[in-house]
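Just so you know, the sequences run in chain order A, B, C, D, E, F, G and H.
Those letters in the first sequence? Residues 512 to 755, by the working numbering.
Those letters in the second sequence? Residues 512 to 755, by the working numbering.
Those letters in the third sequence? Residues 512 to 755, by the working numbering.
Those letters in the fourth sequence? Residues 512 to 755, by the working numbering.
Those letters in the fifth sequence? Residues 512 to 755, by the working numbering.
Those letters in the sixth sequence? Residues 512 to 755, by the working numbering.
Those letters in the seventh sequence? Residues 512 to 755, by the working numbering.
Those letters in the eighth sequence? Residues 512 to 755, by the working numbering.
Hints in this document: simulated from the structure, not taken from any laboratory.
Glycine included, C-beta positions come from ideal geometry on N, C-alpha and C.
Mixed in with the good hints, there may be bad ones.
Pairwise CB distance ranges (calculated) [as the list claims (entries may be wrong)]: (1) A/599 x H/521: 56 to 64 Å; (2) D/517 x F/543: 24 to 32 Å; (3) B/591 x E/597: 56 to 64 Å; (4) B/622 x C/569: 50 to 58 Å; (5) G/606 x D/755: 49 to 57 Å; (6) C/517 x A/542: 52 to 60 Å.
Interface residues of chain G toward chain D, partial, derived using beta-carbon atoms under 8 Å [stated by the list, open to error]: (7) 608; (8) 636; (9) 660; (10) 661; (11) 665; (12) 677; (13) 714; (14) 715.
8 protein chains.
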Amino acid sequence: MPDVRDILTRVQSGELTLDEAAVQLQGFEDLGHSRVDHDRASRNGAPEVIFGQGKTPTQMVEIMGSLASRSSNVLATRVQNAAIEPILAAFPDATHYPASRLIALQRNVPAPATTNVAVVCAGTSDLPVAEEARITAEFLGSPTVAVYDAGVAGLHRLLASIDTIRACRVVIVVAGMEGALPSVVGGLVDAPVIAVPTSVGYGASFGGVAALLGMLNSCASGVSVVNIDNGFGAGFLANRINRL
Amino acid sequence: MPDVRDILTRVQSGELTLDEAAVQLQGFEDLGHSRVDHDRASRNGAPEVIFGQGKTPTQMVEIMGSLASRSSNVLATRVQNAAIEPILAAFPDATHYPASRLIALQRNVPAPATTNVAVVCAGTSDLPVAEEARITAEFLGSPTVAVYDAGVAGLHRLLASIDTIRACRVVIVVAGMEGALPSVVGGLVDAPVIAVPTSVGYGASFGGVAALLGMLNSCASGVSVVNIDNGFGAGFLANRINRL
Amino acid sequence: MPDVRDILTRVQSGELTLDEAAVQLQGFEDLGHSRVDHDRASRNGAPEVIFGQGKTPTQMVEIMGSLASRSSNVLATRVQNAAIEPILAAFPDATHYPASRLIALQRNVPAPATTNVAVVCAGTSDLPVAEEARITAEFLGSPTVAVYDAGVAGLHRLLASIDTIRACRVVIVVAGMEGALPSVVGGLVDAPVIAVPTSVGYGASFGGVAALLGMLNSCASGVSVVNIDNGFGAGFLANRINRL
Amino acid sequence: MPDVRDILTRVQSGELTLDEAAVQLQGFEDLGHSRVDHDRASRNGAPEVIFGQGKTPTQMVEIMGSLASRSSNVLATRVQNAAIEPILAAFPDATHYPASRLIALQRNVPAPATTNVAVVCAGTSDLPVAEEARITAEFLGSPTVAVYDAGVAGLHRLLASIDTIRACRVVIVVAGMEGALPSVVGGLVDAPVIAVPTSVGYGASFGGVAALLGMLNSCASGVSVVNIDNGFGAGFLANRINRL
Amino acid sequence: MPDVRDILTRVQSGELTLDEAAVQLQGFEDLGHSRVDHDRASRNGAPEVIFGQGKTPTQMVEIMGSLASRSSNVLATRVQNAAIEPILAAFPDATHYPASRLIALQRNVPAPATTNVAVVCAGTSDLPVAEEARITAEFLGSPTVAVYDAGVAGLHRLLASIDTIRACRVVIVVAGMEGALPSVVGGLVDAPVIAVPTSVGYGASFGGVAALLGMLNSCASGVSVVNIDNGFGAGFLANRINRL
Amino acid sequence: MPDVRDILTRVQSGELTLDEAAVQLQGFEDLGHSRVDHDRASRNGAPEVIFGQGKTPTQMVEIMGSLASRSSNVLATRVQNAAIEPILAAFPDATHYPASRLIALQRNVPAPATTNVAVVCAGTSDLPVAEEARITAEFLGSPTVAVYDAGVAGLHRLLASIDTIRACRVVIVVAGMEGALPSVVGGLVDAPVIAVPTSVGYGASFGGVAALLGMLNSCASGVSVVNIDNGFGAGFLANRINRL
Amino acid sequence: MPDVRDILTRVQSGELTLDEAAVQLQGFEDLGHSRVDHDRASRNGAPEVIFGQGKTPTQMVEIMGSLASRSSNVLATRVQNAAIEPILAAFPDATHYPASRLIALQRNVPAPATTNVAVVCAGTSDLPVAEEARITAEFLGSPTVAVYDAGVAGLHRLLASIDTIRACRVVIVVAGMEGALPSVVGGLVDAPVIAVPTSVGYGASFGGVAALLGMLNSCASGVSVVNIDNGFGAGFLANRINRL
Amino acid sequence: MPDVRDILTRVQSGELTLDEAAVQLQGFEDLGHSRVDHDRASRNGAPEVIFGQGKTPTQMVEIMGSLASRSSNVLATRVQNAAIEPILAAFPDATHYPASRLIALQRNVPAPATTNVAVVCAGTSDLPVAEEARITAEFLGSPTVAVYDAGVAGLHRLLASIDTIRACRVVIVVAGMEGALPSVVGGLVDAPVIAVPTSVGYGASFGGVAALLGMLNSCASGVSVVNIDNGFGAGFLANRINRL
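Whole structure, please, built from the sequences with the hints as guidance.
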């Protein structure tokens with residue numbers, strides 16, 4: 512959101528005309544189907560990210576083009592199969608991460624953060640979500656450390672890497688099934704823990720609900736939760752905290 | 512429903528025979544599989560609309576034919592793929608809207624309403640539902656104004672169009688995910704707001720339940736809700752209110 | 512929300528100082544615990560209404576006093592027992608409706624609407640919610656017609672009053688248990704129907720969920736739904752539509 | 512279950528040896544994968560019916576052969592596609608009802624009941640379930656009367672057939688969406704009403720849950736409910752009551 | 512519902528005036544808060560029953576008085592504590608059943624049915640609901656046989672009474688917890704089984720949901736279900752079937 | 512259940528009359544409200560236990576008396592407040608455990624098992640359920656070892672006692688909130704783990720559902736689950752396994 | 512988990528260097544995507560089992576190779592179609608069980624247990640889950656006895672095999688729909704009962720939830736529950752108890 | 512968790528005896544009912560906090576005493592009424608916050624953080640939870656800024672304070688009903704947003720579920736969620752992030 516008071520001051524001083532003020536207050540490009548938010552980077556520190564689900568390939572290419580014209584880096588999540596080739600054709604320098612359904616266009620490497628984000632996951636089946644988190648954090652400039660397949664049924668696998676995890680500034684913990692790993696990690700570190708429930712499981716896992724509830728009810732302090740399978744959200748938030 | 516007291520009066524006066532009275536009380540055509548409601552326009556102001564889900568192509572064509580024989584305008588919703596070609600073959604002047612799964616047969620353009628219906632949607636992924644609402648309202652004679660991709664994470668996109676929205680007599684707000692947009696719009700306008708939750712989202716959106724609950728619990732007054740993805744219902748109701 | 516463009520113009524012309532503009536942009540009184548919204552009447556056509564649940568008696572009296580100082584009419588909903596006496600002591604001209612948990616302070620009778628709102632309810636047990644809707648609509652200036660205990664298990668009770676209902680411009684239908692009444696009414700009238708599920712029922716009514724789902728899935732067009740037991744919301748919206 | 516006291520008496524009298532008694536107590540044929548219940552007709556008045564879901568084609572043919580060897584009539588429900596041809600090849604005199612997924616082998620027409628079962632359904636989309644109920648009742652010997660597409664949004668369609676329905680001894684009412692039809696029918700007849708919720712609907716119908724809850728909470732007395740889409744169960748029970 | 516065709520005929524013949532016809536079409540007494548349905552006995556074979564929940568003592572006494580003035584027998588269910596004394600004071604010949612929360616006023620003993628209704632319950636804790644069913648059936652004229660505390664964890668307790676149960680024309684089965692008893696009984700009898708889930712249980716019984724689901728999914732044929740704790744509904748339906 | 516074949520043999524040999532056989536097949540005492548299962552000890556290794564919820568004090572005393580007359584040891588669970596004094600008055604040698612709502616009457620100390628049952632609980636708030644499990648196992652003859660307040664947020668508290676736990680033959684793990692403890696314990700021991708979710712928690716713990724789902728989805732093998740707060744069930748099963 | 516105290520002692524005595532101690536504390540092989548737990552057999556009595564869902568074929572082959580290099584027997588569950596051929600190509604002596612989606616590599620036949628595990632299932636449609644349990648128990652060395660298609664609607668089918676079941680040391684009961692079988696079996700045996708709900712059913716079975724709730728609320732003592740369709744978990748636990 | 516490698520080194524060097532090492536590895540005091548975690552401050556940066564729900568007054572006082580003996584500052588949450596007086600008697604310098612059910616004992620004021628935490632809440636009814644968050648953060652040393660009653664139905668109330676909020680390093684957003692506020696705030700700031708759903712609402716708010724789902728599905732990036740009404744968890748995490 513533009514700084515209203517600043518614009519008011521500049522209107523008052525005659526520095527801005529009324530029309531110029533209105534344009535600055537708007538801050539988006541209208542494609543008809545989409546209003547691309549060019550103001551987001553100034554407003555909350557990172558460019559708008561494209562949510563791919565439910566968008567046609569043409570819409571995807573147009574939105575990505577609009578963003579790329581202003582912000583040199585663009586990230587698209589949950590890119591649907593039909594949109595992959597059109598996007599890669601339009602943006603040959605974009606990178607596609609199939610397992611995590613991400614497409615990243617990085618023309619300006621951001622200055623890397625000086626501290627790391629740990630990405631811990633409970634089982635190999637949670638890898639696509641964990642990678643979505645890890646790639647997002649890296650894309651936004653946070654170096655990451657991956658500790659994968661460290662579920663609570665074999666605690667020694669986690670404890671072997673606990674010093675590595677403790678050396679990070681933020682910890683992302685990804686788990687499906689009962690979602691117990693964030694509670695155990697949360698009891699062992701003093702960094703903020705971002706818990707990501709995954710839809711891995713069957714039966715009474717209810718597509719990740721069991722893991723989500725487990726994480727929301729964590730008996731460890733310092734843990735917060737994002738949506739089921741929302742690796743992007745965790746990576747985004749981890750980078751934001753890591754850069755504080 | 513026929514006017515029972517009027518029919519009673521006319522039976523008493525001899526104007527109607529008992530059989531004629533019985534026929535008038537019935538008011539539908541029986542196709543065996545379906546009882547097509549020819550009385551609905553007189554009863555609640557708009558012709559019966561065909562719900563396409565679960566009906567065979569043959570049933571669809573027969574019902575549509577029955578309605579078209581009496582009412583010049585027919586609307587079919589959620590038309591399943593197998594029924595599209597048979598319907599378009601039988602009614603070459605019908606129009607198919609693929610994204611919204613509507614087929615409209617409009618032989619008599621209704622007198623347009625003198626006020627407008629606003630259709631606001633939160634994200635590009637909500638477009639199919641928003642368009643179902645918009646086309647329905649237009650089909651029934653209400654001019655519409657579309658404000659798309661105006662979600663609450665970039666408020667300036669909504670505020671830029673708020674004067675346009677305020678100029679409408681009824682406002683439809685379509686949103687998935689957390690369904691917050693109707694609350695924000697409801698706080699900014701003094702028109703009735705019809706909220707439509709969509710199934711856009713993932714994880715704990717539970718196919719639109721999160722958006723539905725958000726809208727039912729709206730802290731803004733003047734908001735009511737229709738079923739998840741029920742663009743048709745919103746467009747129908749908006750036109751009804753717009754024509755009061 | 513104040514008219515930003517108008518304020519900008521007046522700032523530019525020097526009609527407003529920067530500070531005056533900021534005050535006008537604010538539009539609320541800050542009581543510490545509450546920010547009382549004095550701008551709401553201009554913004555959406557009715558004064559702010561006080562939601563009584565979870566507020567202390569002192570907070571209630573202070574908020575009510577702040578609103579009463581600007582807007583002569585004040586409505587409080589879901590007033591908790593402990594707050595009743597303090598409010599009535601502070602505002603002796605206020606009226607308390609115990610069954611519906613409303614307190615109304617009406618110092619200026621609004622010009623009555625020229626059309627009526629019908630309030631139909633399914634059973635005697637739904638009366639408190641129906642009355643909350645009816646009193647709210649009357650408070651805001653819409654005359655109402657009550658048709659109570661007209662549930663679908665005895666259709667003749669409804670049909671006997673159908674002409675009365677059809678003469679109204681908006682219809683509120685209140686029902687618990689299976690919530691079938693709005694579908695039946697919706698098939699018989701051409702006015703907008705606002706359905707209010709109540710928590711009346713037991714067992715698998717789940718505190719009104721059965722009625723809520725029934726209403727959301729209504730096979731009748733022209734029906735929209737508000738939250739369980741939200742008589743206030745229905746009355747508010749009905750008046751808004753009735754005054755269009 | 513065999514008559515234990517009778518067998519005891521016959522063992523005591525020497526009429527039965529211990530082994531013969533054990534065989535009679537068993538009352539089923541063991542196919543390894545299935546224990547086919549040959550005793551069911553004597554125990555609860557109708558032969559075992561085969562639930563087709565989750566069974567392989569070979570299992571289906573073997574179970575059907577085992578039942579056909581003792582009971583001349585066999586009914587299979589929810590027959591999966593892969594099993595249809597093998598069954599029809601093995602039992603050329605069987606009849607397949609595709610919409611309702613039934614296969615019936617009727618070698619002995621039962622004496623027809625002297626009273627009728629009404630099968631009422633709300634919409635054309637509910638036909639497959641209604642037909643499953645109707646065919647089951649007919650298979651077991653109850654004549655049926657079908658009143659289809661008589662949903663509550665067009666009450667006159669139901670009222671036109673109410674005398675036909677009242678002439679039946681049992682009434683099955685099939686409905687999806689809000690499931691309101693059984694309440695309305697239940698208020699108009701004095702026969703037992705068996706309500707069948709269907710999974711027809713979308714959004715907050717949750718695959719038939721809304722209709723199920725509506726029916727369980729029916730304000731009309733004399734209504735009971737079977738599982739979602741369980742047309743077979745309704746037809747079976749209707750015949751049982753009809754033959755009392 | 513009055514016989515519309517008959518009234519039409521009598522209007523045509525001059526036997527009825529228009530006003531008399533309207534009165535007959537109405538068939539209820541309007542108490543303001545309630546529309547007491549005097550037509551129900553003719554329409555569906557039993558007088559209206561008063562649902563006590565959510566009604567004030569005054570309303571209860573008035574409705575009961577209205578019904579008692581026309582129908583000599585009146586039954587009130589779920590009578591709330593505050594209403595018991597006022598009702599018993601107004602109707603000294605009424606009987607109160609505290610455990611089942613029923614009040615019955617029986618001035619005309621109906622001709623008893625010639626066959627019996629079995630009421631089977633799983634545990635002693637289910638007694639209040641079982642008794643509500645049993646008293647209702649007796650009130651309406653069906654003799655009953657009670658088999659209590661016959662849960663499936665001690666099958667011999669059920670089998671000891673199976674001949675008694677089999678001698679009845681209808682069987683009500685009341686169970687909480689896992690609700691397995693109707694499936695077992697349903698496999699042993701050839702009478703219709705009305706299953707009543709109770710809210711007895713704890714933890715994952717969710718107030719009777721586990722029992723309800725168990726009964727809806729019964730693998731035994733011939734079983735239908737009423738709402739949780741709805742003993743009245745089961746008794747009412749059992750009598751209706753028993754009198755066929 | 513009595514040994515049917517044995518009784519058959521004895522009937523055949525004339526050792527039993529038909530009446531005697533019938534009596535032996537029954538195996539319960541009928542108190543009217545309850546059928547007390549005197550056969551259970553022979554059938555499944557432990558006397559019937561009285562579920563106190565929903566039973567009147569008089570019923571409790573009568574059932575307890577019936578059981579005590581045959582089986583010297585009696586256990587009652589979830590004893591409601593009103594029943595405590597009457598029971599203790601009738602059975603002065605009974606012991607009441609208020610926190611766990613148990614009353615135990617132990618006149619014959621069973622031969623103790625030679626191996627131990629571990630009862631581990633996550634937090635102090637889970638103590639009432641853990642104690643219900645522990646006292647039940649002790650009552651049935653299994654020595655127990657308690658390791659309390661060993662939740663996963665402070666792993667060292669668990670690891671400090673892991674050797675003690677490993678020395679037991681069966682492990683009961685009681686936890687509320689996210690219910691993660693059974694997964695961690697299950698990964699550290701080779702004994703069967705019985706997980707007991709408790710209703711301790713708030714918000715999205717939903718009365719123990721979060722813990723229940725966590726335990727059902729445990730990534731550790733060798734874990735099974737009982738109902739929420741069902742300490743009795745866990746203690747009973749643990750003793751059964753411990754005595755194998 | 513390694514014996515920390517033992518390692519401490521050996522470090523103190525100089526028997527272990529610090530590095531050797533660290534290696535022993537780790538106990539897993541890190542494949543990057545997976546940390547294969549080589550310590551599990553010593554820790555909880557059986558080798559790690561591979562959960563096939565969500566793993567790529569390459570990951571499956573690598574994990575299986577890692578385990579096979581240390582532990583001669585490997586079991587993979589829920590093997591996805593794409594992984595079957597690669598695994599069988601890499602391990603030609605592995606056995607694939609298609610219905611149960613298991614692949615077993617058994618190079619060392621374990622010493623068989625001297626007692627048996629009963630696997631009872633309710634219907635033929637439950638066979639895949641029952642077989643998953645049975646094969647798992649056999650793989651781990653427990654002989655099994657199968658009693659299939661013994662649902663509660665035909666009790667005699669169960670009673671005919673009850674002696675066979677009673678002769679086993681542990682009983683697994685597999686059932687879908689209402690899940691009543693474990694309660695009935697639990698009332699007839701004195702062995703521990705492991706209940707496995709299956710997703711067999713339709714409508715309000717909700718993918719196995721009805722069966723799961725039924726089992727959790729079992730009125731029989733000595734019953735515990737594993738996740739929906741978790742045949743593996745039941746077989747694993749049954750073997751563990753059987754070998755106590 | 513103690514630094515295992517460091518202890519190993521010190522054991523190896525003889526600096527620690529085996530017993531001393533064991534003590535250091537334990538790190539808690541065992542009160543029988545509770546294992547008080549004295550190691551938590553070193554392990555995750557803040558002393559153990561006492562969860563008051565379900566603990567007896569005596570347990571509360573003992574745990575608080577154990578913690579106070581080592582860590583000078585102690586915080587107890589959800590303190591139940593019965594425990595308040597005993598605690599205040601035992602620790603006269605403790606402070607009780609009734610609305611938020613906290614008791615704080617602060618003997619050492621921590622060095623305040625140099626940046627602020629914003630606590631924003633939607634309505635006055637959310638104050639108890641917002642205050643729980645604010646007091647927790649202050650207790651741990653983070654200065655806070657409160658912006659209360661800034662719900663989305665009156666956006667200007669939020670926008671008036673947006674500069675204040677943007678000046679904070681972390682933002683806590685507390686909201687009930689539809690829980691839309693975090694999405695709107697998240698779109699306006701570049702700080703991490705911790706969303707706290709409250710149980711404020713009625714009907715389909717389901718005790719905070721609607722708000723929880725709304726927050727989990729937030730379309731704004733940088734938002735994570737804690738449990739319903741978990742003000743403590745939000746304040747704890749906010750301080751942790753604020754001190755990074």
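Status of the hints after comparison with the structure:
1. Between residue 599 of chain A and residue 521 of chain H the Cβ separation comes to about 57 Å, which falls inside the hinted range of 56 to 64 Å.
2. Between residue 517 of chain D and residue 543 of chain F the C-beta distance comes to about 29 Å, which sits within the given range of 24 to 32 Å.
3. Between residue 591 of chain B and residue 597 of chain E the CB atoms are about 58 Å apart, so this pair conforms to the stated range of 56 to 64 Å.
4. At about 57 Å, the CB distance of residue 622 of chain B to residue 569 of chain C agrees with the hint of 50 to 58 Å.
5. Remark: the range hint 49 to 57 Å for residue 606 of chain G to residue 755 of chain D is upheld by a beta-carbon distance near 55 Å.
6. The hinted window of 52 to 60 Å between residue 517 of chain C and residue 542 of chain A is violated, with their beta carbons roughly 29 Å apart.
7. Contact between residue 608 of chain G and chain D, as hinted, is not supported at the beta carbon level, the nearest pair being about 14 Å apart and thus beyond 8 Å.
8. For residue 636 of chain G, the shortest C-beta to C-beta distance to chain D is roughly 3 Å, which falls under 8 Å, so the interface hint holds.
9. With its C-beta approaching chain D no nearer than about 4 Å, residue 660 of chain G sits inside the 8 Å limit, and its interface hint holds.
10. With its C-beta approaching chain D no nearer than about 6 Å, residue 661 of chain G sits inside the 8 Å limit, and its interface hint holds.
11. About 4 Å separates the beta-carbon of residue 665 of chain G from the nearest beta-carbon of chain D, less than 8 Å, and the hint is met.
12. Interface restraint check for residue 677 of chain G: the shortest CB-CB distance to chain D comes to about 16 Å, outside 8 Å, so the restraint is violated.
13. This hint holds: residue 714 of chain G has a C-beta 3 Å from the nearest C-beta of chain D, less than the 8 Å allowed.
14. The interface hint given for residue 715 of chain G is met, as the beta carbon of that residue sits about 5 Å from the closest beta carbon of chain D, less than 8 Å.
The structure shown violates the earlier hints numbered 6, 7, 12.
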